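4 protein chains.
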Amino acid sequence: MVNEHRSGPVRSTAAREAILDATARLFHNQGYDRLTIEGIAKEAGVGKQTIYRWWPSRGALIGECLAEGRLIPVDFVVPYTGDLSGDVEAWLRSVLAILDEPQGGALLRSLVAAATEDAGVGQHLGESLGVEEHLGSRLRAGIRDGQLAEDAPVAQIGRAILGAIIVESLGREKRDSEGVVRLARFLFAR
Amino acid sequence: MVNEHRSGPVRSTAAREAILDATARLFHNQGYDRLTIEGIAKEAGVGKQTIYRWWPSRGALIGECLAEGRLIPVDFVVPYTGDLSGDVEAWLRSVLAILDEPQGGALLRSLVAAATEDAGVGQHLGESLGVEEHLGSRLRAGIRDGQLAEDAPVAQIGRAILGAIIVESLGREKRDSEGVVRLARFLFAR
Amino acid sequence: MVNEHRSGPVRSTAAREAILDATARLFHNQGYDRLTIEGIAKEAGVGKQTIYRWWPSRGALIGECLAEGRLIPVDFVVPYTGDLSGDVEAWLRSVLAILDEPQGGALLRSLVAAATEDAGVGQHLGESLGVEEHLGSRLRAGIRDGQLAEDAPVAQIGRAILGAIIVESLGREKRDSEGVVRLARFLFAR
Amino acid sequence: MVNEHRSGPVRSTAAREAILDATARLFHNQGYDRLTIEGIAKEAGVGKQTIYRWWPSRGALIGECLAEGRLIPVDFVVPYTGDLSGDVEAWLRSVLAILDEPQGGALLRSLVAAATEDAGVGQHLGESLGVEEHLGSRLRAGIRDGQLAEDAPVAQIGRAILGAIIVESLGREKRDSEGVVRLARFLFAR
DNA sequence: GTGTAACCGAGACGGTACGTCCAGTCTTAAG
DNA sequence: CTTAAGACTGGACGTACCGTCTCGGTTACAC
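Protein chains in written order, with full-length UniProt numbering: chain A, 1 to 190; chain B, 1 to 190; chain C, 1 to 190; chain D, 1 to 190.
In short, the hints are calculated from the structure, not lab data. Treat the numbers as computed from the prediction; the structure is a model and nothing was measured.
Since copy identity is lost for identical chains, a pair holds within one copy or between any two.
SDA-like cross-link-like pairs, simulated, lysine to any residue; straight-line CA separation at most 25 Å:
(1) Lys48 x Glu17
(2) Lys174 x Ser94
(3) Lys174 x Gly59
(4) Lys48 x Gly59
(5) Lys42 x Arg16
(6) Lys174 x Ala119
(7) Lys174 x Gln123
(8) Lys48 x Arg34
(9) Lys48 x Asp33
(10) Lys48 x Leu20
Taking the hints into account, I'd like the entire structure generated from these sequences.
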C-alpha cells in the first residue's frame with residue numbers, strides 16, 4: 001500500500017500562468033532564438049528553478065504554450081459544405097491569416113525553429129493547425145463522397161499544404177496567399 | 001575603368017577551405033544547434049577573427065557550405081523519360097536517400113534550423129535540392145506534354161513535396177519513403 | 001533599524017579565498033602585466049563571472065590582496081627606542097628586505113604598475129608599508145622629543161623615503177640598501 | 001673593399017616623425033594603458049610593421065619620445081643664485097607645473113606605468129626632469145659652498161624629491177605643490 | 001498545534017560561447 | 001629593400017545564459 005500523498009504546498013498555478021504568459025509574450029516579441037530561460041523568469045517574476053522544476057527545456061515550454069493556444073489559435077476547423085476544394089480553401093485562408101499579421105512570417109519561422117529543437121513542438125505544430133484532425137477528417141469525408149481518390153494519401157496531403165507554407169516562409173518570399181490557395185485547388189481539381 | 005585592387009595580403013584560400021571543411025564536418029557530427037564559431041575555429045586551426053572577417057554569422061557559413069555542396073549533394077537532377085510521374089519519383093527517391101542515411105533526419109532538421117535563422121540558407125535550401133531549377137523544368141515540360149494542367153502551380157508543387165518531407169521530419173515520424181512517393185503519385189495521377 | 005539581508009544564496013567564502021589566493025600566487029610568479037582575469041579564474045577553479053561579480057577590475061583584486069597582506073607583509077612597525085634615526089632605519093631595513101628577495105624589484109614594480117592603474121592600490125600601498133600610520137607616528141614622537149623640527153613635513157618625509165626606493169627600482173639600479181639608509185640618516189641628522 | 005651602399009630606400013624620417021608624433025599625441029590623450037601599436041600605426045598613417053621594424057616594444061617608443069622631449073619638456077634647469085634651497089625650489093616648481101596641467105596627474109602616472117614596463121623609460125624619467133644632471137650638479141655645488149653636508153647622498157636626495165611627487169600622485173591625493181616644496185625646504189634647512 | 005517536506009523568489013556558482021580588440025608575424029603590390 | 005595595408009593565429013576581454021545549487025521564507029498535509 002503506497003501513500004500517494006505528500007506534504008507541502010502543491011504546484012502554484014499563479015507561477016505556471018505567469019511563466020507561460022511570459023513565454024508567449026517574449027516568443028512573440030523576440031522570436032525563439034532570443035528566448036531565454038532567464039528572460040522568462042525575470043519577465044514572469046519567478047525563480048529560474050521554478051521553471052526547471054516543471055519543464056525540462058525551452059522547447060517543452062513552447063510546446064505547452066502551443067498546445068494551449070497561447071502562441072497561435074487552436075481552433076482551425078474545416079467546414080463541411082460538400083464542396084471539398086472550397087472547404088479546404090476556407091481552412092487554408094484561416095491558417096494563412098496568421099502569416100498576414102505584421103510579424104507573421106517571423107512567428108512561423110520561430111515555431112519551426114522550436115520544432116527543429118524539440119520533438120514535442122514538431123508533433124504539436126501540425127495538430128495545432130488542425131492538419132491531422134480536422135483537415136484529415138474532411139479529406140476522408142471527401143473520399144467517402146467520391147471527390148477524392150480512394151487511395152489518396154490523406155496525411156501526406158496535409159503535410160504538403162503545411163509544408164508548402166513553411167518552405168515559402170523559409171525562403172522569405174513575399175507573402176502570397178494565392179499561391180498556396182492555387183496549390184490546394186490543384187490538389188482537389190479533377 | 002579603375003583598378004579595384006589594393007596592396008596588402010590577400011584572402012587566404014587555405015583558411016577559407018579549412019573553415020568551410022570544419023563547418024561541414026561539425027555540422028554533420030553535432031548538428032546546427034551545437035555548432036559554435038569557436039568550435040569551428042579550433043577544428044579548422046584558425047583564429048576566430050578570420051571567421052568573423054569573412055562571414056557575418058553562423059548562418060552565412062552554413063549557407064556557403066550548402067551552396068558549394070559541402071553539406072548535401074547539389075546535383076539532384078530530374079530525368080526526362082516522358083513519364084512525368086516516374087521521373088519525379090526518381091528525383092524524389094534521390095532526395096529521400098539523404099534521409100535514409102543514419103543521421104539523415106537530424107541533418108534535415110539542422111538545415112531547417114539554419115534556414116529559420118538565416119535568410120540565405122532558406123533560399124539556398126530548395127535550390128540545392130533542385131526543386132526550382134530541375135524539378136520546375138521537368139514540370140513545365142510535363143505541361144507542354146499535356147501531362148499536367150496548363151495552370152498547374154509549378155513552384156508551389158515543388159514546395160509542397162519538399163515541405164511534406166520537412167513536416168514529416170519535424171514530427172519525428174518514422175521515416176517512410178513510400179508516403180511521400182505516394183503523395184507524388186497522387187499529384188500527377190490523372 | 002531595518003533588516004539589510006535578502007534571501008538567496010550568500011557569497012561563497014571558498015570562492016573568494018580561492019580567487020585571492022590565485023591572484024596573489026600569479027602576481028608573484030608572473031607580475032602584474034601578465035596577470036589576467038581568465039588566468040586567475042582558471043587557477044582558482046572558478047568562473048570568470050564570479051570574479052566580475054565581486055571585483056570591478058584587476059586593480060581592485062590587487063588592492064584587496066594588498067590590504068589583506070597577501071602580497072607583502074602588513075606589519076611594518078617602527079620601534080621606539082628614543083633614537084629617531086635608528087628607529088626609522090630599523091623600519092627601513094625591514095621594508096628593504098622585500099626588495100632583497102629574488103624577485104623583489106619586479107614585485108615592487110608590479111605593485112607600482114597596479115597603483116598607476118587603480119586608485120585603491122595607490123592608496124593602500126603606503127598604508128601597507130606602514131608609511132602613514134607607523135612611520136608618521138614615530139616622526140611625530142620625534143618632534144615631541146625635540147629630535148625633529150616643529151614644522152617637519154611628516155607625511156612628505158614618509159613619501160620621500162618610499163618614493164626614493166620606488167624611483168631607484170624604476171631605474172633598475174643595482175639594489176643598494178645602503179643608499180636609502182644614507183638618505184634616512186641624512187634626513188634625521190642634525 | 002666593402003660597398004657600404006645598398007639598394008632600396010633608407011629609413012623614412014617622415015615615418016619616424018609621424019610615429020613619434022602620433023605616439024606622443026595618443027599618450028597624452030588616452031594614457032599609457034590605452035596606447036596600442038595598432039592605434040599608433042593608424043594615427044600615423046603607417047604600417048604596423050614599420051613600427052615593429054624600428055622599435056622592439058611600446059615602452060621603447062615611449063622612451064624615445066621621452067628622450068626627445070615629446071612628452072614633457074627636457075630643459076628643467078636648476079638656477080645658481082647662491083641660495084641652495086631657493087634654487088632647488090625654483091626647479092621643483094617648474095617640475096610641479098606639469099602636474100598642475102589639467103591631466104597632469106594622469107600624465108605622470110602614465111609615465112610611471114611605462115617605466116614599470118620598460119627599463120629604458122625608467123632610466124630616462126629622472127634624466128628628463130634633470131634630477132641627476134642639473135639637480136645633482138646644483139647639490140654638489142651646495143656641498144662645495146658648505147651649504148650641504150660633505151657626505152649628503154646627492155643622488156638619493158634627487159630620487160627622494162621625485163619619489164615624493166610620484167607617491168603622492170599614486171595615492172591620488174589632491175595636488176598640493178606646497179607639500180613637496182616644504183619637503184625641499186626641510187631637506188636644506190640647517 | 002506542530003513538524004516537515006515540497007514549494008517559492010532570488011540569485012551565486014562553475015562553465016561555455018559570444019563578438020571585439022590587439023599582439024606580433026607574415027604577405028602582397030608599389031615605389 | 002622599405003613602405004602602407006592588412007590578413008593571419010592566438011589570447012584575453014567583459015557579457016550573456018546555461019543548468020545546478022543554496023538560501024530564507026511560505027504553505028499545507030501528517031502526525
